[in-house]
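Q: With the hints in hand, could you dock these two chains into one complex?
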Amino acid sequence: MTKHREQMNVVIVGHVDHGKSTVVGRLLADTGALPKGKLESVQAMCKRNSKPFEYAFLLDALKDEQSQGITIDTARCFFKSKKRDYIIIDAPGHIEFLKNMISGAARAEAAMLIIDAKEGIRENSKRHGYMMSFLGIRNINVCVNKMDLVNYDEKVFNQIKEEFTKFLKEINITAKNFIPISAREGDNIASLSAKMPWYRGYFILDALDHFEKEALKVDKPFRYPLQDIYKFTEKNDDRRIFAGRVETGSISVGDEVIFFPSKKTSRVLSIEGFNVDEKNGAFAGQSTGLTLETQIYVRPGEMVCKRNEIHPHVSNKFKANIFWMGKLPLIKGKNYKLKIATQQVPVVLSEIISVLDASELSSISNKAQVDRHDVAECVFEALKPVAFDDIVHIPETGRFVIVDNYEIAGGGIILSPVYEEGSVLNQYIKTREFNWVRSEITPATRSIKFDHKPAFVIITGDTNHGKLQLARKLEEKLFQLKKNVYFLGISNETLTQHSDEKNKTLAKVSHLRQLGEMAHVLTDAGLILITSISDVDEYELEILKSLSRPSKAIVINVGETQFDLAKADLHFDNTDKMESILEEIIRKLDQDLQLDPEYAI
Amino acid sequence: MNKSMTKLDMLEAQSIFILREAYREFKNLAMLWSIGKDSTVLLWLARKAFFGHVPIPLVHIDTSFKIPEMIEYRDRLALEWNLNMVYGQNKELLESKQTFPDGNITRLACCKGLKSEALKHTLAGDWPRYRLNHETKKYELDTNTEPYTGVIVGVRADEEGSRSKERYFSPRDRNNDWDVGDQPPELWNQFKTDFAPGTHLRIHPLLDWTELNIWEYIERENIPITGLYFDRGDGKRYRSLGCYPCTTPVESTAKNVADIVEELRTGKFANIAERSGRAQDKEDGGGLETLRLDGYM
Chain H
287 MTKHREQMNV
297 VIVGHVDHGK
307 STVVGRLLAD
317 TGALPKGKLE
327 SVQAMCKRNS
337 KPFEYAFLLD
347 ALKDEQSQGI
357 TIDTARCFFK
367 SKKRDYIIID
377 APGHIEFLKN
387 MISGAARAEA
397 AMLIIDAKEG
407 IRENSKRHGY
417 MMSFLGIRNI
427 NVCVNKMDLV
437 NYDEKVFNQI
447 KEEFTKFLKE
457 INITAKNFIP
467 ISAREGDNIA
477 SLSAKMPWYR
487 GYFILDALDH
497 FEKEALKVDK
507 PFRYPLQDIY
517 KFTEKNDDRR
527 IFAGRVETGS
537 ISVGDEVIFF
547 PSKKTSRVLS
557 IEGFNVDEKN
567 GAFAGQSTGL
577 TLETQIYVRP
587 GEMVCKRNEI
597 HPHVSNKFKA
607 NIFWMGKLPL
617 IKGKNYKLKI
627 ATQQVPVVLS
637 EIISVLDASE
647 LSSISNKAQV
657 DRHDVAECVF
667 EALKPVAFDD
677 IVHIPETGRF
687 VIVDNYEIAG
697 GGIILSPVYE
707 EGSVLNQYIK
717 TREFNWVRSE
727 ITPATRSIKF
737 DHKPAFVIIT
747 GDTNHGKLQL
757 ARKLEEKLFQ
767 LKKNVYFLGI
777 SNETLTQHSD
787 EKNKTLAKVS
797 HLRQLGEMAH
807 VLTDAGLILI
817 TSISDVDEYE
827 LEILKSLSRP
837 SKAIVINVGE
847 TQFDLAKADL
857 HFDNTDKMES
867 ILEEIIRKLD
877 QDLQLDPEYA
887 I
Chain G
7 MNKSMTKLDM
17 LEAQSIFILR
27 EAYREFKNLA
37 MLWSIGKDST
47 VLLWLARKAF
57 FGHVPIPLVH
67 IDTSFKIPEM
77 IEYRDRLALE
87 WNLNMVYGQN
97 KELLESKQTF
107 PDGNITRLAC
117 CKGLKSEALK
127 HTLAGDWPRY
137 RLNHETKKYE
147 LDTNTEPYTG
157 VIVGVRADEE
167 GSRSKERYFS
177 PRDRNNDWDV
187 GDQPPELWNQ
197 FKTDFAPGTH
207 LRIHPLLDWT
217 ELNIWEYIER
227 ENIPITGLYF
237 DRGDGKRYRS
247 LGCYPCTTPV
257 ESTAKNVADI
267 VEELRTGKFA
277 NIAERSGRAQ
287 DKEDGGGLET
297 LRLDGYM
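Residue numbers (this note's numbering), protein chains in the order written: chain H, 287 to 887; chain G, 7 to 303.
With the rest of the complex left out, here is chain G (with noise of 0.2 Å):
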């Protein structure tokens, strides 16, 4: 037995330890899945913590405006793996209109609306959530309202900079506030798991990787991943995933997983941001941290 870890063993592992310790400590834990690539390897990290099986629940936020093939691609996981398949969305200003693609709010408004908000009330479980009937293949009203007081999220620490000052457990008060200035203390693996009623915790298991970790890791894994990373014949591809309005592909022709891999090897997107092709990040000066201070993941 050759006994030495790749930095790749070594991410996995800790990934999986920390979702264990969530899964052993939280009664009601969920896990954000937003169809990108590094939920999904959140994903199947859970299936590798638990052997093959996920056993807890996987909640989307659906803006309406998302790339269909995002949703086919969701709904086709959720049934060949048995996942337990929630999703939640703001009705109220889908009907009223009140979106940045109606040409009526402007884009941080817009992304406050459809993502944070949606958010925040379907994990409080004060709006509707639904979850898919893997008989009948449909979504239903699910009758579970209570909150989920651990919410498991595939933030990385080398994505933008507030994201580089993450806990793995990180405590958000009654009104969704992370407090940066006052985080819990974390060492040896031992987490703070412990949360006052009415507060609960984001799980962060990936903070350590970085995109060509996760992209390696799909490669190595033969992780099923969406087409919309790949040329698909135009020169361009998409390097991170939102509302079709608001996301741009970047000038590439990889056209698998293994040319994705070899293109960030090279450092051919060193010096741009992962998410430099999403909108709402360049509004007012700071668009990401404003959002993420108020619950954005």
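Next up, chain H with everything else stripped away, as it sits in the complex (with noise of 0.2 Å):
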């Protein structure tokens, strides 16, 4: 069998014009990896339409590229060197397509940065390069193009790498190698160019083949972002199986593991594959799936870690520095949907700190909003904690976007965890008890009407497991029993149609905090308000118990949850003694909401 072969993704990069297309068409072209008559063919082409042929046209093969005359997208091409494949991702150089740039600079290993000899260091070059430094790209090659026009120069060439080395300095890059090319002669692409007798370092191919690959992560801790829990009961299979790709590190059959935010732990006990030998590991790189020796429930989206490593940051709130490349500008107090690994979460921009003009490299640090291809330090809250690295030890989970509204709308890296006490949510409910004009009728006197307290009674569990039922018979017996009781039945759905449907990860925070709302006035009204909902974490019961407070929530858990089980007032695994569990409830009721003595004089 023939050994395989390494494989590298580059980059292009630079600003408009300085040739980074012309650059990928000349490597392509000079390594054979163009199909037969491509090159014939679109010589033709220039030829029929009497323009002069370059070799940027070879890549531009749509047709509404050509028309504009610049590269709309990330391109990818592919070409071999002695040493190893190479996949090309031809980026944008104008600054409308950095969202285009961006997506084909993060998959990359090593960047050629494309700086024209003629203009010299333009705002996009020094941008592009402050990216670089951003996406965590070490490897990179500066080229100085189009030395033809400046008759082959040596000091225009130690002119640029001077000041560009300057500014490279300032964030902290080194780049590999300076080269100075024409790639329309073929300068310093293939070989070394006779035209350039001063220069005597690598050429392009060469110095890509100098690049050295990052290796994989095995050695650090053990990060596996959870991506679905699979269960494929209807097809004969009983395995209950958590899948994921490990990240970084290795894990073992036998291993103790914990889950992050949850802190939930089990014990691996398989790895599971389809036609593979018995595996009795997994390691960085792989998508795998384990067995637990324990059932555990939680959500996709948690954390697995080894509980004998360093564990991740668990906070809801983090110091990030992120790049906008939203339409609209990321603003403080909107929703957005923050993804880190597997994670989704509601999130909120609650400080800026500076903007970048990474051009320029100064900040403003006054700006109230982040505006469209802005670099920021800022603070964001989300509504619940987050596992997460920062990015100086585990970048592969110290990175995030930011969704509004449908688009992807920025990308951010973790700095550190920012811990303290006072949560947009706390800070909500502070505001609204102040603007509350209260009637002359106290709660008191309310409870001594109905001879009872009010109480929010929040019926949960994983699916199915008869919770409605429950609820209403409850709600029937206690209404027999002379009790000022109401169950809303209003289903997540009903709910959400209603408010902001876009996205599953805010409709369920949107109906968690309605539903709060009801509680809140419907318990300060006197009642027993009775609801079942599914599938709640200890965040999410925490924000239904914050929101209906000062009235006494009681939980009442059917079958499995996501929360600590001490969390519940009362447990069942099932529902099939529905009339022994409803009088256990009712026990515990009359003790919870019995008046206390004072109220009665």
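Since the hints were derived computationally from the structure, they do not count as laboratory data. All residues carry an ideal CB built from backbone N, CA and C; glycine is no exception. Any given hint could turn out to be false.
Restricting the straight-line Cα-Cα distance to at most 25 Å, the calculated cross-link-like pairs of lysine-lysine (BS3-like) are [as the list claims (entries may be wrong)]:
#1 G:Lys274 with H:Lys369
#2 G:Lys13 with H:Lys506
#3 G:Lys274 with H:Lys503
#4 H:Lys506 with G:Lys274
Simulated restraints on C-beta separations [unchecked claim]:
#5 H:Asp859 with G:Lys97: 46 to 56 Å
#6 H:Arg585 with G:Asn34: 45 to 55 Å
#7 H:Val678 with G:Asn34: 33 to 43 Å
#8 G:Asn34 with H:Gly540: 39 to 49 Å
#9 G:Ile77 with H:Arg593: 51 to 61 Å
#10 G:Asn34 with H:Asp850: 32 to 42 Å
#11 H:Ala330 with G:Asp188: 27 to 37 Å
#12 G:Thr112 with H:Lys481: 46 to 56 Å
A: Written out as structure tokens, the structure is:
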């Protein structure tokens, strides 16, 4: 069997018209990577349209792109050197297409930054240089192109080299090579050029071959963002498989694991796969599946780690650098969606520390919003805690994107967690209480009239298990016992139809917020309010409880749960013995909702 | 444990990751299966991603001009692998014989009608879909007419110019249009999974694979592939499969997967486009691109 060849992704960046596509076209032509007849057919087309042939046309496979004359998206092409196979990602230089440039660069292991010798360093030469540093690309060649237009003058090259080296130093980057080239003439592309005898460094192809591939991250702590939990029971498969990709580190059968942010623990029973030999371990880069020794109930998005290794940060607030690509600016107080590893959580921008002009490296600290193409240092607050690492230690789990409406509008790297009291929700509740005009009838007066305190009874657990039926029966019983009771049977779907339906994450939170608000009003009116809701976690439960305060919330769990069972007031495995369950709940309510002796006075 | 990955291992891991993201995020998800080598590798990757199962319906567009062996192969695997198999077709054009093989319309118009249109309406659910009943082994009218909002497709970036600009998760608007100039950013394996009502996403797990990778993987995994790709004695084989009136085989004596891998490695076809045997690509100066903007896969 032939040895597998190594592969490397290289992105080509630089200011518009500095000749990126020409460099790629030339590389393809000079390494024999073009399909037969392609060169000739493009040359013939140029002749027909009586315009001079350019190597860049080879890439412009799309009609509308040719009509605009600029690369609008990241094109991928393939070529080989003696050492390895390359995927070249040709990224557009125009500022309007920054998000395309970033999409290309984000999957690159190395970069070639092209600067026009005649035009010199321009805004996007710097911006793209900065983005390379942001994206964590360390293998960078700076190519000074169009040397033919400056008579292959060494002085021009040295001046650009000096100036750009200084800039890169400010953002903590060292270029591996500076190479004087002319893509049009083929100088220093696939061989050393005789026209620049003063330069005896690497030519482009050689410089690429001298880049070293980053080692896989097997030596770092184990990070396994949970993608999904599969149980294909209907296909006669009883395995409960925790599916994901190992981002860093490795895991073996028998290892103790801990999930974040839920902090549930278990031990790895098996490593699953299809059409593979039996495995007893998995390591960084592999998409795999784990089964566990104990049944634990968590949602996709949790981060699986090893108990005996360094754990990730768990916080709902963090400081980050962000670059913004959205058509609308990033503003405070608006609900966005945070996607970090496989977690998806609502998030708000809570503070802008500074906004950086990437092309000038000057920072503006009093901006009230982050505009398109800005880079900023900010503090974000998620609605509930998320698990992450900081960019320095584990970049794979220290990066995130922000979704605005339906679009990925920003990308960021986490600098550090921020631990402090006083969440956005608590702020809101304080404001609500402050603005609420209360009536003359106090809660105590109402309790005396109804002969019991109000309460918010939340019946929860995993789906099915007859929660809804239990809730309705409970209302009936309490009503017969002359309690002031109401069952709120509003499903998730009903509520969200009238609210923000844009995505599931925000919709669920919106549902919880509305439910919490209703509970607050109805319990304030003295009711025992009963509702059933599936699949809430600890933090979501906390949202409901906070919003409905000061009334007591009573949590009844049926079946499996995502939160610690100690947080439930009552727990039942199922609703098979409905009558005795009802009795137990009523006993508990009688106890908890009894009037305090001083009320009666 | 040897903790290193080959190129194929990395390609496989990324494709599996993408398939699982799609499966988690889309309620109405479908995978297109053209019976060709790429979408069959995709199907195999789905079995990898979901531990031997394929919990996603497979959609095939039957132009009725497919080489008969392809349909036999489709149904054999569908039964064997317990696949949720669905097909759709442009009944109107076929019944009125408005096709290229019938001599009534051009190649491009035929492709547009029998493939693009049929695909669009089958995905949207406003034309009949036929689902394989595993008990009777017959296709029955599918009662599910909900539109598919996520469609997994086996395109590769190295196939052809326009495909090199795709994203892993690529939005299509109400009219199936692909706005090449305004594609979502895609970074750090965070994909566009939120979409406005009426729009849908195409998902491309094989984007980074090359033709050679596909065959190397078929060899490594021993994936059953239709025999049309092999020389069966006449010194010819198909390199890309389509409708028989518009697909011509290439000169090759590759008799099995290992032969094909060897053939591609030696660079026999390095200078000949993979789809060169597909006649529709050559029409109108930019046939495939025109078709793709129109929803062709």
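Q: Next, verify each hint and record whether it holds.
A: Hint check results:
For the hint pairing G:Lys274 with H:Lys369, the CA-to-CA distance comes to about 21 Å; that is within 25 Å, so the pair holds. This hinted pair checks out: G:Lys13 and H:Lys506 have alpha carbons roughly 22 Å apart, not beyond 25 Å. In summary, the hint linking G:Lys274 to H:Lys503 is not supported, as the alpha carbons are separated by about 37 Å, beyond the 25 Å threshold. Distance hint between H:Lys506 and G:Lys274 is unfulfilled; the C-alpha atoms sit about 43 Å from each other, more than 25 Å.
In this structure the supplied range 46 to 56 Å holds for H:Asp859 paired with G:Lys97, their Cβ-Cβ distance being about 53 Å. Our hint of 45 to 55 Å for H:Arg585 and G:Asn34 is violated, since their Cβ atoms are close to 21 Å apart. In this structure, H:Val678 and G:Asn34 meet the distance hint of 33 to 43 Å, their C-beta atoms being roughly 41 Å apart. At about 40 Å, the CB distance of G:Asn34 to H:Gly540 agrees with the hint of 39 to 49 Å.
The given range of 51 to 61 Å is respected by G:Ile77 and H:Arg593, whose C-beta atoms sit roughly 53 Å from each other. Between G:Asn34 and H:Asp850, the C-beta spacing of about 35 Å keeps the proposed range 32 to 42 Å intact. In this structure, H:Ala330 and G:Asp188 meet the distance hint of 27 to 37 Å, their C-beta atoms being roughly 32 Å apart. A beta carbon spacing of about 51 Å between G:Thr112 and H:Lys481 agrees with the range 46 to 56 Å that was offered as a hint.
Violation of the numbered hints given earlier is confined to hints 3, 4, 6; the remaining hints are satisfied by the structure.
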